[in-house]
Every structure is written in C-alpha cells, then in structure tokens.
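Colleague: Residue numbers (numbering that gives the first Met the number 0), protein chains in the order written: chain A, 0 to 230; chain B, 0 to 311.
The hints are simulated quantities; they were obtained by calculation from the structure and are not laboratory data. Just to be clear, a hint being listed does not mean it is correct.
[Claimed, not checked] Listed next, with one range per pair, are the computed distances between beta-carbon atoms: (1) Ala240(B) to His53(A): 26 to 34 Å; (2) Val205(A) to Trp197(B): 42 to 50 Å; (3) Trp197(B) to Asn192(A): 22 to 30 Å; (4) Arg178(A) to Met91(B): 50 to 58 Å; (5) Glu93(A) to Phe103(B): 33 to 41 Å; (6) Ala240(B) to Arg178(A): 44 to 52 Å; (7) Leu56(B) to Asp100(A): 20 to 28 Å; (8) His53(A) to Arg199(B): 29 to 37 Å; (9) Asn192(A) to Ile168(B): 42 to 50 Å; (10) Gly228(B) to Asn192(A): 27 to 35 Å; (11) Val176(A) to Ala3(B): 54 to 62 Å; (12) Gly228(B) to Val12(A): 21 to 29 Å; (13) Ile186(B) to Asn190(A): 29 to 37 Å; (14) Ile193(B) to Asp170(A): 47 to 55 Å.
C-beta: ideal position from N, C-alpha, C; glycine also.
Okay, here's what each chain looks like letter by letter:
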Amino acid sequence: MRLGLVIDLDVCVGCHACAIACKEWNASGTIGPLSDYQPYGAEPSGVWFNRIRHFEMDEYPNNKTINFPMSCNHCEDADCVTVCPTGASYKRAEDGIVLVDQDKCMGCNYCSWACPYGARELDRSSGTMKKCTLCVDRIYDQNLPVEERQPSCVLTCPAHARMFGDFDDPDSAVSRVVRERGGYGLMPELNYNPTNQYLPPRRKPVIEIDTQPKGGLKESIKQFANRLVRR
Amino acid sequence: MHPAFSVIFFTVASGAGFGLFSLLFIADTFKLGGGFSQDQLVAGGLMAMGLVVFGLLSSTFHLANPKNAWRAFSRFRTSWLSREGVFAMVFMPLALIYLASIMFDAPGWLRETSGFLTAVLAWITVFSTGMIYACLKTIRQWNTPLVPANYLALGYASGSLLLLLGAVIAGLDTTPYIAMSALIVSIAAVLKAIYYFWIRSPGLSPTINTATGLTRAGVKLLDTGHTHGTFLTQEFGFKLARKKAGLLKLLVFVIGFGVPGLMLVWVFNQQGGQLAAVVAAVAGLAGAAMERWLFFAEARHVVNLYHGAQRC
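Chain A with its partners taken away, still in its complex shape (with noise of 0.2 Å):
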C-alpha cells in the first residue's frame, strides 16, 4: 500500500478548514500535543501539520488564484528519514506513511533541513519533531465508521479538494483522477518522489476584455452629444 493524498488547486478555495481540522485533531491524537506560542498574544505562532499559501499564476487578465494547501508528502525517496541519525524519523513498509517516534527524536532539526516541502516542524514544548501522520490513528480504526475512517483533513474539506487512498492499487479513486487531471508531484527534479499528488488548474476560456469598437469621429461626436444632454 502507498497511502497518499490528492489536492485538487482547481477545487482548493483557501479556507483553511484542512489546516483547523488537522489541527484540531491532532493536538490530541498520538503525535500531540501541538503547541502554540503566544496564540493571543502579538507574535501568534505554533506547531502545524498542515499550512496553506496562497499563489498568483500569470498577469492580468490570465491571473489565476491557487490555493495550496501543503502538508507531508510521505515520499518514496525521503531524505528526512535517511539522514536521521537517531531513528526518530522512519517510513512504514505496509503503507509508507513516514512518521517521528516522539521517544527517540533528539530534536536536532536535520530531517527538516532535509525536507524540501517545509513538512516538519519542531515543537518547542516538547524539543521533538512533529509532522503530518496521515492520521494514522483515525484511517486504521476500527471504532469509526468505514467512511469516517480517512485523514481529517479530506473528510472536513467543504469544497471536496482532497482525496486520501492508495496510490499503488491502479484503479482506487486517487489513481484513476491522478490518471485522467494529469497529476502530478513537486519538485520532481529532487527525485523525492512524493506521494501526494497535486491536480492542476482547468484551463478556462480567455475572457476577452477589449470588446469596445474602437469608434472613429462619429462616435466620438456621439458620446460628446451624450455627455451635453446629461448636463
């Protein structure tokens, strides 16, 4: 199994409820809690698994707004788990989920100079480091219903821009939008091979915002016979 999730930019509409949802689950899941600094304070700051930015592609009038959300990609090739020098840090052989023993991490910051996707986090609090556990303690349980039983994040998702599910099975869900959206994974050129994996944005007829006819001295004396009867 290779458990993963699929964020669809096109759908994603920045709200920020994967973040809260995530948040708010695993502050007291088995990676928790997640701390804050100062959450009311003037420097609000904290622990998070999942953080979303907001980007801009091309100029007026092509601009488009991407919303991007960003958590673990539980890749293929992780250098956070390799360069590890505790063990803290592994990747799961049955799902490859990659999480942190909280009881051997040393809080050395070195898997997160090695994650190029910002995916880990160091928690003051506790001196160890924290990351996206894939909800580990929610997909395997069996105490919730069949359907409940995927990352917090996608089941709270209001626009349905999230997928979870297993991207070695060719014909699960992800797979197959992956397949026909043209999915694909970041930075492919740091050969991670993440996981998770991105949908990009339809493209949309160019709205063309010029229409007016250019007018000639008819109309120019036209509007100027407009502009005097409005007086």
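Given chain A's structure and the hints, the job is docking chain B onto it.
Modeller: Relative to the frame of chain A, chain B by itself:
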C-alpha cells in the same frame, strides 16, 4: 539558514582540534624542526582533544531534546550526522592510546600505528562533518563536494597555525612548521575562493514553478497563510544582504588567510616572536568562525520558494 552559534563553535573548534592532532602526529613522526618533547606532544594532543570535546559538547546545545542524544550513534549506515558521532567516539580512545604510547615509551610500531589511525580517523570525522551539509539536496549552496573539502582545509589550516604556535613556544626550528602552515592556509584560501565563485551561479536549482508545479506561466506568492513567523521562517528564512555578504567574504580572506600569512612571514623573519604566532592562530580561528557563519547565512533552503522566493 539560521546561523546557530553552537554549531558554528562546534565545527570550528572540532575542526581545529582534529587538524591539530593529525598534524601533531606528522610533526612527531618526521621530528619536524627537531621534534617536540614527550611532555609537549602529550600536552598538545590533550589540547587538541579538548577542542574536540568542547566542540562536541557545544553541539548538543542546539538539540531541543538532548536526553536522546545518545541515540545519535544508532544510524551509522544511513546518516552522516550519526557517522560523524561514531567516528569522533572511535577517535577518542585511539588518540588516548597514541598519547599513552608517547608518554610511556611504548614500542615504535604501536606509537606509529595508533598515531596513523588517529590521524586517519580525524580526517574521516571532519569529512563526515562536511558531508552532513553536502548531502542535503534541499540547499544548493551546500550540495557540492567543495563543502567537505572546505571543512577539511579550514580545520587543518587552523590546526597548523595552532601547531606553529606550539613550535614557537617550545623553541623548535619553526621553518618546517611555517612551510606546512603556508601550504595548508593557501590551499584553504584557494578552495574557499572556488567555493564562493561556484555558489554565485544559480545552476539547476528548483524554482517557484517547479515547487508549485505551475509551470505554464509566472507564479508569485500572494500570502504565506500565517500571521507571524513559523518554525520554517525562523530556521530557513534568514536573509543576508548581498553587499554585507561581500564585505564579510573580504574579511574572511583578510583575517582568515591574509593576516596569518603575514604573521608567518614575521615569524620566519624572527619578528614579533610569540605574539606573531598567537595573532596568526587567533586570526585563523576568527576567520574560520566568520566563514562558518557565512556558510549558514548564505545557504538558501528550497522551502523559501513557498515563502516568496522565485528561485533558491
């Protein structure tokens, strides 16, 4: 990258310590300048080990959870950080065997073998320190073989200047020590110059387009999505003005390589005496510390592409 003082101190001190110890072995083997006495060799060796130990201890100050530091020896097969720790730990007993065989007049083969192995391990350890940074594909300025080469050259340059100081204090013929220092310091200066030249060109680095996968048009950041700084901006967001970086590079060359070179001439001409050798060693170490600060400050992690950088 955020330049952490503990890591700068660690790499400079341990590099100088490992360099000093290996060169001390060479000085002992070839009896350079008449050769140090037994006591002087042991004192120098212990000083070198002291630098290494202080460095290693200071490196634990940047750990957020040092109680698990002992686990860092466990991933020797994959992690350069783990390898560095293991090699440094193997270096210690071997270095003690070498110093003991000097002190207690052990047979020559034991003294030479343990000394040689210690020198090799010192070399491997400094190489591993460099590889900790050089193996990261996420930082273009670090992902080059010049990084371990710079670490080795600078460690040995500061070690050779410390050894020269020792030779001056011990009253040995300083000519071979001056020649050794001059050679290693110039190699370090040349390698550093190549490095600064190399990192100037952007090369094939990721851009904001490959980072977002939006390659069909220009992309710019509208909002980072956080109110105040995050772990990522603290750790990777450090920015250094290009003008200031240029000035600091000039200072690295003047203080780290120029001043020691001039002092070598003074020592050779028997001017300034011990003070010249002290100035050479202090300037060499100060230059190495500045170089190390710049090494971190100039490194641009690709995660900055998600915080507004167009390329890294």
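Colleague: Please name the hints from earlier in the document that this structure breaks, with their numbers sorted from lowest to highest.
Modeller: Of the numbered hints, 5, 9 and 11 do not hold.
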